Amino acid sequence: MSDPAVLVVGSGPAGLTAARELAVAGVRPVLVVDREVEAGGVPRHCDHTGFGLQDLRRSLSGPAYARHLVRRAVGDGVAIRLSTTVTCVGDDGAATLVGPGGIEVVHPRAVLLATGARERPRSARLVPGDRPAGVFTTGQLQQWVLLRQLPVGRRAVVVGAEHVAYSAVLTLRHAGVATVAMVTELPRHQTVGAFALATRVGLRVPLRTSSRVAGLHGHGRLEAVDVEDLLTGAVERVAADTVVFTGDWIPDHELARRCGLTVERATLGPRTDRWGRTSRPGLLAVGNLVHPGETAGRAALGGRDAGRWLGADLSSGATQVAARGLPVTVARPLASVVPSVADPGDPPRRLLLRTAEFTGRRLVVARQGGRELGRHGLRHSVPNRSLGVPGAILRGADPDGGTVELSLA
Amino acid sequence: MVEVDVAVVGAGVVGCAVARHLAIDGASVALLDRAADVGDGTSKANTGVLHTGFDTEPGSLESRLVARGHGLLTDYAAAAGIAVERTGALLVAWDDEQEAALPALLAKADANGYASARLLDAAEVRSCEPHLGPGARSGLSVPDEWVIDPWSVTLAFATEAVGAGARLLLATPVEKIVSGDGGHELELPDCVVRAQWLVNAAGLGADRIDALLGHHDFTVTPRRGQLLVFDKLARRLLCRILLPVPTARTKGVLVSPTTWGNVLLGPTAEDLEDRTDTASTTGGIEGLLRAGRRVLPALVDEEVTAVYAGLRSATEHRDYQVRLDAGQRYVSVGGIRSTGLTSSLAVAEHVAGLLDGAGAGWSGPAVSSAPPVMPPLGESQVRPLQDPDRIASDPAYGTPLCHCEQVSRGEVRDACHGALAAADLGGVRRRTRAMNGRCQGFYCGAEVVALVADETGSDPGSLTRVPR
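Listed in order, the protein sequences are those of chains A and B. Its first residue numbered -14, the first sequence is counted upward by one per residue in our numbering. Its first residue numbered 16, the second sequence is counted upward by one per residue in our numbering.
For the record, the hints were derived by calculation from the structure and aren't laboratory data. If you're wondering where the values come from, they're calculated on a predicted model, not measured in any experiment. We treat Cβ as the ideally placed atom computed from N, Cα and C, and that holds for glycine. It is possible that part of the hints are untrue.
[Said to hold, decoys possible] Partial list, computed: chain B residues near chain A (C-beta under 8 Å):
id: 1; residue: 180
id: 2; residue: 473
id: 3; residue: 475
[Said to hold, decoys possible] Where chain B lies over chain A, by a calculated footprint (3+ residues, C-beta under 8 Å):
id: 4; region: 79 to 90
id: 5; region: 129 to 139
id: 6; region: 197 to 206
id: 7; region: 322 to 328
[Claimed, not checked] A few chain A residues that face chain B, going by a derived Cβ cut-off under 7 Å, partial list only:
id: 8; residue: 20
id: 9; residue: 23
id: 10; residue: 70
id: 11; residue: 103
id: 12; residue: 106
id: 13; residue: 109
id: 14; residue: 124
id: 15; residue: 125
id: 16; residue: 242
id: 17; residue: 361
Given these sequences and hints, build the entire structure.
Here is the structure:
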């Protein structure tokens, strides 16, 4: 094929939405590549509802949402190539594509990375013990059950108590697996109260708070999971043939890092501004790659913004630029902020904050040097759930005044 | 009843090398292992260092066989297309005691006939390896310590042995051995193997086989080695294998590149009783991370891709225990430590020499044989997904399946077929690298299981050992 004007890497909500915005803006051709056999990203195997609320203003199941985004993008003129992996983006922007048709080098005007995130597997969490079969992440489990209808097991322990952990319990149930315990290191769950109650009471799944999985046992197949109470140090051996490690998302940032993009320590995603511009002109990053564990809708909205900016930029013939603005950082117990680069004259609609611990209603304060720029009331916060703060809080910042820090008052 | 000239018990890297050598020499060979795959015990956990033997005991059998094996295996790997990276190694001294030990190590290298080792000062060490932690005092450079793909070596030997006529009998624990003038009768669960000669290469079980023959020359003490495999993004942090300087107090751990593009940190050394305990432990992992942080601080900021443990078959002797009992028509190959990967071909040559010296004759003529061409699994090699001709020949080689390790569908399919077809998912991992990467199956786990089930005609539930 002829060179795409824009190459989008990843066909999840962020990539498809960005590509569609580009096509609507008249950019042609827009090529989305995905290494999977099917487009749509993670929602393809999330068989619960609630997808699309933020970007489409309606609620769909994950697979329906994925199909909708694919149809809409293709309908608007986006080309999608599957089973194709991008092995390299050179300094000149040339991208190497590998797929069943062979190896091809394309020369797009811009590359938009939307490679998503994955859950840390057991090994990356350094959970000791044997290495039996029966150890899953949620993403793996969902594909196992929903895409491939493979048998799972009988008795499961679910690690984590975020939304995704409760989703894993439902997927296990669908596969005929009883969840015998959920385990979280935190003092309480991180989901909606109704989900937690329905799971604990309705499905009779006990939640073990302030606890962690301290070891796996089993030769061949998992036989038991050691659950340690972090308050007492007591360890109980729970019989289980299946364990699902949920949440603890990490960006799939390999390509981004190999492209030399500056990466934020807090998120491990590329440093970006509100338009998805990175430290390298011509290379944008959006979605869960930038902010792992974000909802599909928020990822899609980030893709939309990046697509709009890039579409206008390419149409105007302007030269592409790197992320512009001041660095934005956070102080504990705040854990991260996205975007981490912001222009006080053109701030993002909102900044997304995450905390490391549960907090009550608090005020977030923006400061530059010692000077307070503004403050904003926050509702109570839950670890790993994003809180929005209006980007206008940055408006008073001096463009030459250096880093803006957000902290809780 | 299977009747052969030689039965080789144990299909680890040494057993496979011995079987290959004897089969090529014209012996009819039965190669037995209790596991369902070759190289599924100690051999699969090898660190993949191709040793020079510079620090072995001068004059020992190990010294001789490692030095000889280094050259033999280097040539074999080149012929079989097995990945070798000529990284070199650097021993780094971090304190007075370690620094003081370096000249003696240099002298030991000399005594072992290895002449290319060289002492380096702090500045040279730093310029070789700029990511080393602060406080590196001096070093010893050993340019011929390299890394090799350990899994493909065992598989290649087994493949060539079978090609030369050896019978591979897997999942066959030896329950009883009856020895007499007519040779040895090995009772297996489903059959009996009658062999004129017996070679014991049973690794962790070598002393037990030895005892079945009435020998009590050594006792195997499993020495567990826990290892951490770091993400490929850590590979840029080092060029060489970073070896510890052994002292009276501690042996230390190494930090090594792997041919798969990762970085290995380990191993621990824990003497155990249980010959099956390959579990990792909190203490082991924490100790490795502490050691790794000192050697290469940026390493521990990268993600850990895998944690595993292997059991070395240590004995009370420092040297290899290779013994012939000509009257009994028996050779025992015990106490082969982690250097056994490097020395394997030389051990096989040595065993063949012992048998020849004892007057063993084989029923067939020598076979002309060449190393098989192994799948290119090394990062330094051209993988199918990077090979336009391969993809043109079959689009399955251009269809990505395991994204982290860049494995195509065609490679996983191939691993399910042939004389050395994978028997389980572990076998698929060792033949293709599929599912060994940073996501550990988040993306490809279900696809790989479905494909393997399809290709082998097996039930996905039994592949993943789902309880009934």
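Requested in this report: May I ask you to test the interface hint for residue 473 of chain B with respect to chain A, counting a Cβ-Cβ separation under 8 Å as satisfied?
Outcome: For residue 473 of chain B, the interface hint is violated, since the closest Cβ of chain A sits about 12 Å away, which is over 8 Å.
Query raised in the report: How does the coverage statement for the region 79 to 90 of chain A fare against chain B, requiring three or more residues with Cβ below 8 Å from a Cβ of that chain?
Result: It holds, with 6 qualifying residues against the three required.
**Report entry** Restraint satisfaction for residue 242 of chain A [CB to CB of chain B, less than 7 Å]
**Finding:** 6 Å, holds
Query raised in the report: Count the residues of the region 129 to 139 of chain A with a beta-carbon closer than 8 Å to any beta-carbon of chain B: does the count reach three?
Result: holds (count 8)
Query - When the least beta-carbon distance from residue 180 of chain B to chain A is tested against 8 Å, hint result - result: 33 Å, violated
Query raised in the report: Taking 7 Å as the limit, does the beta-carbon of residue 20 of chain A come near enough to a beta-carbon in chain B?
Result: Holds - the Cβ of residue 20 of chain A comes within 7 Å of chain B, reaching about 5 Å at its closest.
Query raised in the report: Going by Cβ atoms only, is residue 475 of chain B closer than 8 Å to chain A?
Result: Interface hint status for residue 475 of chain B: holds (5 Å vs cutoff 8 Å).
Query - 8 Å C-beta test of the region 322 to 328 of chain A against chain B, three or more residues - result: violated (count 0)
Query raised in the report: For the region 197 to 206 of chain A, do three or more residues have a beta carbon lying closer than 8 Å to a beta carbon of chain B?
Result: This one holds; 6 residues, not fewer than the three required, reach chain B with a Cβ under 8 Å.
Query raised in the report: Against chain B, is residue 125 of chain A within 7 Å by beta-carbon distance?
Result: With a closest approach of 4 Å, the residue 125 of chain A hint holds.
Query - Hint validity - residue 106 of chain A Cβ closer than 7 Å to any chain B Cβ - result: 4 Å, holds
Requested in this report: With a cut-off of 7 Å on the beta carbons, see whether residue 124 of chain A makes it to chain B.
Outcome: Holds, because the Cβ-Cβ distance from residue 124 of chain A to chain B comes to roughly 5 Å (cut-off 7 Å).
Hint compliance for this structure: hints 1, 2, 7, 9 and 17 are not met, and every other hint is.
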